[in-house]
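Student: Spelled out from the first residue to the last, the chains are:
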Amino acid sequence: MTEAGSSTTANKSSEEQLALAKKLVDKLESGHSDEAEEIIAELANKSQVPDSLFEEVGRLTRELHEAINNFVLDDQMAEMVQVDMPNAKERLQYVIETTEKAANDTLSAIEAAMPVSESLKDRSTHLSGQWDKFLHREMEVEDFRLLSQELRDFLEGLTGESHELHNRLNEIMMAQGFQDLTGQVIKKVISLVQDVESRLVHIIRLAGDMHTSQNDEEIRKQKMADEHGPAIPGVTQSEVVSGQDDVDDLLSSLGF
Amino acid sequence: MKILVVDDFSTMRRIVKNLLGDLGFKNIEEADDGNTALPKLQSGNFDFLVTDWNMPGMTGIDLLKAVRADPNLATLPVLMVTAESKREQIIEAAQAGVNGYVVKPFTAGTLEEKITKIFERVNG
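Chains W and S are the protein sequences, given in the same order.
The C-terminal residue of the first sequence carries number 256 in the numbering used here, and the numbering is unbroken.
The C-terminal residue of the second sequence carries number 1124 in the numbering used here, and the numbering is unbroken.
Since the hints were made in silico from the structure, they are not lab data.
Fair warning: this is a prediction, and the values are worked out from it, not measured in the lab.
Looking from chain S toward chain W, a few residues come up when the C-beta cut is under 7 Å (computed):
1. Phe1009
2. Thr1011
3. Met1012
4. Asn1018
5. Asn1054
6. Ala1083
7. Ser1085
8. Lys1086
9. Ile1090
10. Ala1094
11. Tyr1101
12. Ala1108
13. Thr1110
Straight-line Cα separation of at most 25 Å, PhoX-like style, residue types lysine-lysine; simulated pairs:
14. W:Lys101 with S:Lys1017
15. S:Lys1040 with S:Lys1002
16. S:Lys1065 with S:Lys1117
17. S:Lys1086 with S:Lys1117
18. S:Lys1040 with S:Lys1065
19. W:Lys133 with W:Lys121
20. W:Lys89 with S:Lys1086
21. W:Lys101 with S:Lys1086
22. S:Lys1002 with S:Lys1065
23. W:Lys187 with S:Lys1086
24. W:Lys89 with W:Lys187
25. S:Lys1017 with S:Lys1040
Virtual Cβ for every residue (Gly too), placed ideally from N, Cα, C.
Let the sequences and hints guide you as you build the complete structure.
Tutor: Right, dumping it as structure tokens:
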């Protein structure tokens, strides 16, 4: 069919539709509802959608339906939805709790260290001023005795206070261990998200008639890797020790 | 005393390095997994190895096994500092010949205690 021919057909068909529509309005206005319905049916029949499009839509719908069914029936998918996803939530919960604890430990250590460093600063400033007075011979004997006593007290306390500051700094350093622990857990959640993503892409490919098979070896390796890392309450299935004391007991039972 | 600290997280390497420094050990090198650690150990005259377990590339347990299998490194003291806390893993490490095992999160005191114990045993 030529382009001119097709446009003539289209014009003809739209003229017919217009005529039918006018007739429909007449019938409706005059209350002939049965005849109006016939005209509506006739109008619907005159629509220009080719059968092949219906067939194509039907095929795509069927394939997508099958793909979604397979998606639901897939064992690994089921495990992902029933086990891995809730696990991911608990893993992220662990990240929140661990980072919160690290932040609180850090802040507590800082709050404990601040007054110590403040007091050191104040007393050293005061003593430094007094010492300058002494060097400039602006000090009475009585005041010097007082200064001497203050200096002695200051130096005596200094060992303990610097030890205290050192310990607090150590606590702040140890609290940074959270980055390793949460990093390991976040890496796992990222790999789960990537897994879900690749499965969704797989479904889209199925709908697009581009079959690709799952790489089972990769999935197996993934499962192995999932077992590593910090023990997460409610996630880790294996028997886990409850702390360093447990580790020591276990090792000593092995002759360590 | 030359020490190699192996962990894939640089923050943890810094923490362990600082703690060791606090204990008076200043000659410390770092590696981020077994694959980079093993050549260093083989060519570097190290006296002590502190390693994580779960690392990409070569894991700490495989590094421990490789160390024990190497005649030049077989007696090197090895301390594992790891988040792996499953009983079967601790047993596996013990069977592979680990000298000490510290679970993360740990305290400075625990690390010091384990290191002291290892050297008492090695020297005694």
